[in-house]
Amino acid sequence: MIMNKALTICVLLVIIASTGCERARIIDDILIISTKGYDLKDGLLQGSAIFSTYAEKDKQDIIVGEAKTVHSLFMAYNNQTHYPIEYDKTMVVVIGHHLAKKGLSDNLISSLHNDQRLGSKVIVVVSNQEAKKILQVEKTKPPSFLYELLKQNIESNNTPHTNLHSLLYQYFGAGQDVYLPCIKLNPKGLIEMDGMAIFHKDRMKLHLNPLESTFLKLLVDDNKIARVNFPLLVGEKTVHIFAQSVSGNTKMNVKNQMNRPQILFKLSLNCIIADTPLELNLSQKRDIEMLQKAMERFISKGTKDLLTKLQKNNVDPVGIADFVRGKDRDWEEKEFMRMYPDLQFVVDTEVKILQTGVGE
Amino acid sequence: MVRSFWKKNNTSIHGTSSLEEVLQQASKSDDFIHYSLSEHKNGVVLSYYQSLVDEEKINRYVLPPLQISNNQIIHLEELIQLIPIEDIQIYSDPVEVELKLTQGYISVQLNNDHGKAALINVQNPKRGLRTNNDTENEFSVVGPKVGFLEDITTNMNLLRRKIVTSNLIFEEITVGSVSKTKVMIAYIEGITNIEHVNTARQRLQDVDFDVIFDSSVLDQLISDNSNSPFPLFLSSERIDRVVYALISGQVAILSDGSPYIITGPSTIFDFFISPEDYYLPWIVGSFFRLVRFFGVFFSIFASPIYVAVVTFHYVIVPVDLLGPLIESRMDVPFPPIIEVLFLEITIELLREAGARLPTKVGQTLGIVGGIVIGQAAVAAALTSNILLIIVALSALASFTTPIFKMSNTIRLLRFPFIVFAAIWGGLGIVFALTILLTHLLRLKSLGTPYMAPLFPFRIKQFADSFIRSSLSITNKRPGYLRPQLRTRYRVKQGKDDYDNE
Numbered sequence: 066m067i068m069n070k071a072l073t074i075c076v077l078l079v080i081i082a083s084t085g086c087e088r089a090r091i092i093d094d095i096l097i098i099s100t101k102g103y104d105l106k107d108g109l110l111q112g113s114a115i116f117s118t119y120a121e122k123d124k125q126d127i128i129v130g131e132a133k134t135v136h137s138l139f140m141a142y143n144n145q146t147h148y149p150i151e152y153d154k155t156m157v158v159v160i161g162h163h164l165a166k167k168g169l170s171d172n173l174i175s176s177l178h179n180d181q182r183l184g185s186k187v188i189v190v191v192s193n194q195e196a197k198k199i200l201q202v203e204k205t206k207p208p209s210f211l212y213e214l215l216k217q218n219i220e221s222n223n224t225p226h227t228n229l230h231s232l233l234y235q236y237f238g239a240g241q242d243v244y245l246p247c248i249k250l251n252p253k254g255l256i257e258m259d260g261m262a263i264f265h266k267d268r269m270k271l272h273l274n275p276l277e278s279t280f281l282k283l284l285v286d287d288n289k290i291a292r293v294n295f296p297l298l299v300g301e302k303t304v305h306i307f308a309q310s311v312s313g314n315t316k317m318n319v320k321n322q323m324n325r326p327q328i329l330f331k332l333s334l335n336c337i338i339a340d341t342p343l344e345l346n347l348s349q350k351r352d353i354e355m356l357q358k359a360m361e362r363f364i365s366k367g368t369k370d371l372l373t374k375l376q377k378n379n380v381d382p383v384g385i386a387d388f389v390r391g392k393d394r395d396w397e398e399k400e401f402m403r404m405y406p407d408l409q410f411v412v413d414t415e416v417k418i419l420q421t422g423v424g425e
Numbered sequence: 106m107v108r109s110f111w112k113k114n115n116t117s118i119h120g121t122s123s124l125e126e127v128l129q130q131a132s133k134s135d136d137f138i139h140y141s142l143s144e145h146k147n148g149v150v151l152s153y154y155q156s157l158v159d160e161e162k163i164n165r166y167v168l169p170p171l172q173i174s175n176n177q178i179i180h181l182e183e184l185i186q187l188i189p190i191e192d193i194q195i196y197s198d199p200v201e202v203e204l205k206l207t208q209g210y211i212s213v214q215l216n217n218d219h220g221k222a223a224l225i226n227v228q229n230p231k232r233g234l235r236t237n238n239d240t241e242n243e244f245s246v247v248g249p250k251v252g253f254l255e256d257i258t259t260n261m262n263l264l265r266r267k268i269v270t271s272n273l274i275f276e277e278i279t280v281g282s283v284s285k286t287k288v289m290i291a292y293i294e295g296i297t298n299i300e301h302v303n304t305a306r307q308r309l310q311d312v313d314f315d316v317i318f319d320s321s322v323l324d325q326l327i328s329d330n331s332n333s334p335f336p337l338f339l340s341s342e343r344i345d346r347v348v349y350a351l352i353s354g355q356v357a358i359l360s361d362g363s364p365y366i367i368t369g370p371s372t373i374f375d376f377f378i379s380p381e382d383y384y385l386p387w388i389v390g391s392f393f394r395l396v397r398f399f400g401v402f403f404s405i406f407a408s409p410i411y412v413a414v415v416t417f418h419y420v421i422v423p424v425d426l427l428g429p430l431i432e433s434r435m436d437v438p439f440p441p442i443i444e445v446l447f448l449e450i451t452i453e454l455l456r457e458a459g460a461r462l463p464t465k466v467g468q469t470l471g472i473v474g475g476i477v478i479g480q481a482a483v484a485a486a487l488t489s490n491i492l493l494i495i496v497a498l499s500a501l502a503s504f505t506t507p508i509f510k511m512s513n514t515i516r517l518l519r520f521p522f523i524v525f526a527a528i529w530g531g532l533g534i535v536f537a538l539t540i541l542l543t544h545l546l547r548l549k550s551l552g553t554p555y556m557a558p559l560f561p562f563r564i565k566q567f568a569d570s571f572i573r574s575s576l577s578i579t580n581k582r583p584g585y586l587r588p589q590l591r592t593r594y595r596v597k598q599g600k601d602d603y604d605n606e
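Protein chains in written order, with the numbering used here: chain A, 66 to 425; chain B, 106 to 606.
Next up, chain A with everything else stripped away, as it sits in the complex:
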């Protein structure tokens, strides 16, 4: 009995001690950051953050600070706010153009990596200008606008799936490069998706336009929902077809052909054709087959062009190196990257048209 009591007291003490670090963060006595932005300004890190004020419905405010390191930014923020800044609920991290080009210095990557208060669902995006400018626009929008915008595009539009988890996996994993979605401010001053940024190590090396990112999505993402608009020659006239891929899969294979490795991609896609032009009679098998062939050609060519472009820039967001590693016991990253420019790509697309003429 005495032993039991002693044990109980010990357990209680351990629990009390282990919870000593817990500090109360009462929900209305903190400022909850939803979007963070990072820029490079005069050699210093410029951070900006958006939080909801909740005094008025849907009203948000922005805070800007400069510091040498990521975490000292919060000191700069807290110097300006009446409540402590809490960033556990951050959903989007925007990286400014310059910073991305200069490289996500180890400081930023390591803070993203080590901070257990950031969820792995955080989406990191690159902007085509200062991140602060993007945040200033987002401030005027309803809360979590940017996150919803990105999520919507990843789930049902042309942006390949990324989040903090995939970013860190690609960054630290061998045989692959980081890709992140890009956003821009369009001439009307609104935030818009703008293709993808491809990184080499921690530096942004290449920008892919929206069409190229669509092909990237078809290659790397399990979610094959993507929309393409492609021209088709019917008789003398060029018509535009709008197609949406709804499901499918991508298979990669590696072959050695005359000492030159060949990477085979096989895309099987199920598509829906919307906006049927009058020139085509899609109830006829001949026209359907023609459309199908044209689509297959268009996707194969686009994909191959994309792969070649990536090859030329010596980046590998598709993870070809990683794939080959799974096939080759003696794989070494340096060895493979030496061979990478000489790889030959073969893309074979198979399109199945499920429906035509049905609008969305």
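Treat the hints with care, since some could be wrong.
Anything over 10 Å on all C-beta distances counts as not near chain A; from chain B, calculated [as the list claims (entries may be wrong)]:
#1 310
#2 414
#3 432
#4 477
Selected chain B positions facing chain A (in silico; Cβ < 10 Å) [what the hints assert, rightly or not]:
#5 402
#6 415
#7 418
#8 428
#9 440
Note that these hints are calculated values from the structure, not bench results.
It should be emphasised that the depicted structure is a prediction, and the values quoted were computed from it without experimental measurement.
The C-beta atom is built at its ideal place from N, Cα and C for all residues, glycine as well.
Knowing the structure of chain A, use the given hints to seat chain B on it.
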């Protein structure tokens, strides 16, 4: 000083030495009647408590034979022959005589024979008692609305009419040094494990208490762990519930003067069972039972989780809910714990006031309290809107528990949870839950595990726990009760064109 006073008092109650002293002691009360019919040496002396006896019985059955006999009776034995009442006996033991007198017997003595007295049962047991009980405290829309009364004989009658077998045994035990309450242990021989009966009997015999006000007092006196907020015996005023307990192999304890009958060994699941579950189709019954269990968890955890989330874990709140939550708390000046305790205690006050007031006033109070105070508290920025909803819902949920004692326990449990949540957040809730579960796992009712069939885990007996399965499955008595006969009824194997359950 005080101690010696009590001691003296006690001995005077127990240790009267002679019959004269008994009568003398009784004469101190003005409702004690003591007179002689005649001064003849064969004259008869009558003594009784006027407040206990049925005067009509005396006038009709006791007095006429005595008056007609006209002093011809020499022995009390002759007197017994004359009086047409079955419960009549001669005693010489003064203690026995005192007991009988205080139970409403009339004592008849002969002038020349003071050592003995014939005691005739003329008690009026129905005086001051109600004649029917509509089970309003354990109401069920479907099913009989007959409840037990304060009179134990009626209660036994009600049970006997439902369980028509000579195997239904009632064992009498007198409990209470002052109240001398008649307590009955009821069980069905051949079904109930005799160990349960022995345990109950042993515990009741060991009870040393002065007045048994209600069977709830007995419940606490014979409980396996009196330092638990959980009721270890089911107490019910519904006949169907007690009959079901008996037929499942439990023991029932009836106490005179109490409309509640306690049954045991009980498990925690018994307290969330409503007889209605069995009166509705099993699918519907199961659904409502699940709703009741949900209500229990909601009522215990809703406010603590609110406190934990608002104080520590705002991260788990979905973004869309964050706005409304913060906006509603914006103007509240208190930390969440004070806010919650304020509202919880307000609801407790309303409930307590409603229970103490007459029914009609109680209804008005509910409206005043619920609507006016609730709205005013929000308008005055003392609490937030969302919390008002949470607290009101969890109060509502706690009322779904059919047994009043258990529903009180559940109302109490949330307070330690709230305090732990305020100190340690989610970890505190888990910690409090661990303590609660540890306590529950250690509880026993009449030596049977309280958490059965959850602990010890008996998968086959889940048929009638969280859900109420079809009658064709629940034809066996629960094994943790160790009944002497496992099968309750037989299920017809071949299905006819009607699907008999």
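Results for each hint:
| no. | hint | result |
| --- | --- | --- |
| 1 | 310 | holds, 29 Å |
| 2 | 414 | violated, 8 Å |
| 3 | 432 | violated, 5 Å |
| 4 | 477 | holds, 26 Å |
| 5 | 402 | violated, 23 Å |
| 6 | 415 | holds, 5 Å |
| 7 | 418 | holds, 9 Å |
| 8 | 428 | holds, 7 Å |
| 9 | 440 | holds, 6 Å |
Hints 2, 3, 5 from the list above are not met by this structure, while the remaining hints are.
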